[in-house]
Amino acid sequence: MNSALFLPIALLLDRLLGEPPRWHPLVGFGRLVKAMEGLAYPAAPEAEPVWRMRLRGAAAISLLILPFTLLAWALAKLPWLGAIVPIVLLYLAVGAQSLAQHAEVVRKALADGDLALARERVGWIVSRDTSELDEAGVARATIESVLENGSDAVFAALFWFLVLGAPGAALYRLSNTLDAMWGYKNDRYLHFGWAAARFDDVLNYIPARLAALTYLLLGHAADGWRCWRAQAPTWYSPNAGPVMAAGAGALGVSLGGGARYHGQWKERPPLGCGPTPTHEDIGRAVRLVNRGMWLWAALSLAAAILIGAIHA
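Heads up, the sequence shown is in the working numbering, so the first residue is 6 and it goes up one at a time.
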């Protein structure tokens, strides 16, 4: 009941305040992650068997996540902090306003005909090379980021907050940060970051599909469902596939396709079943995520009230 009541308050804080510019706790957590990596990563990784590298990574993420999750649980139990801690933690875990602001800068740059600025700013939210993207490529990259990060930074955080309260928000956000730092399939992190990537996949499995369903409900449902079923299995990520395929279909645009990452061209399956996106579709994608976020808040609050009435 309390989580459902706290949720809209935290979302309002995110809407009004956005992401803390300087004092976000995840900045400090990122420093801890780097320090832990220095301690846990072997001096001669080529001499380590795969299982030991994975064990090192698993031990590292446990030591990084468990203490803060337990701290969130303990603080939320304190009488004078029981309401404040969950609201603040969810506010810090949700990145809806920050995502919308980044996307809006790109949209406005495209609308103003400033392709150079649009390329630069979309590079802040995607990992692909953006220096040679045309207007459609910039719009496509931005919408893909909005849809995928809408699932990761918004719906998954809401899901784990509703399931586990303040500890759930902390657990998920820290896990997602570790995946962003260690979840790469390169020589350094392929095995050491394996546990971080797999744990994040597990935590995102249900929320990603609920996010995809949310996109369907608020967009072109039939097209979104058709794209989800046909295209999601072809995507390289088991969680991003349903989210992006359903989102592209719900918006009625074409996403996916080839892109350049770190100088290497990567062919990606097509997503969606509509025309090439424009800058106007960036705004539509942001509104889709925002409407979904408030739909979750309304449904969770209604469910809590109904359950409370039944047990009254």
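It is worth saying that the hints were derived from the structure and are not from the lab.
It cannot be assumed that every hint is accurate.
[What the hints assert, rightly or not] Pairs of lysine to aspartate or glutamate, EDC-like flavour, derived with a Cα cap of 16 Å:
| # | residue 1 | residue 2 |
| --- | --- | --- |
| 1 | Lys-271 | Asp-134 |
| 2 | Lys-271 | Glu-137 |
| 3 | Lys-113 | Glu-140 |
| 4 | Lys-113 | Glu-272 |
| 5 | Lys-39 | Glu-53 |
| 6 | Lys-113 | Asp-134 |
We went through each hint and held it up to the structure:
The straight-line distance between the Cα atoms of Lys-271 and Asp-134 is roughly 11 Å, inside the 16 Å bound, and the hint therefore holds. Between Lys-271 and Glu-137 the CA atoms are separated by roughly 15 Å; this keeps the pair inside 16 Å, and the hint holds. Note on Lys-113 and Glu-140: the hinted pairing holds, with a Cα-Cα distance of about 12 Å set against a maximum of 16 Å. Note on Lys-113 and Glu-272: the hinted pairing is violated, with a Cα-Cα distance of about 29 Å set against a maximum of 16 Å.
As the CA atoms of Lys-39 and Glu-53 are separated by approximately 20 Å, the hinted pair breaks the 16 Å bound. Taking the CA atoms of Lys-113 and Asp-134, the gap is near 20 Å; set against the 16 Å cutoff, the hint is violated.
Comparing the model with each numbered hint stated earlier shows that hints 4, 5 and 6 do not hold.
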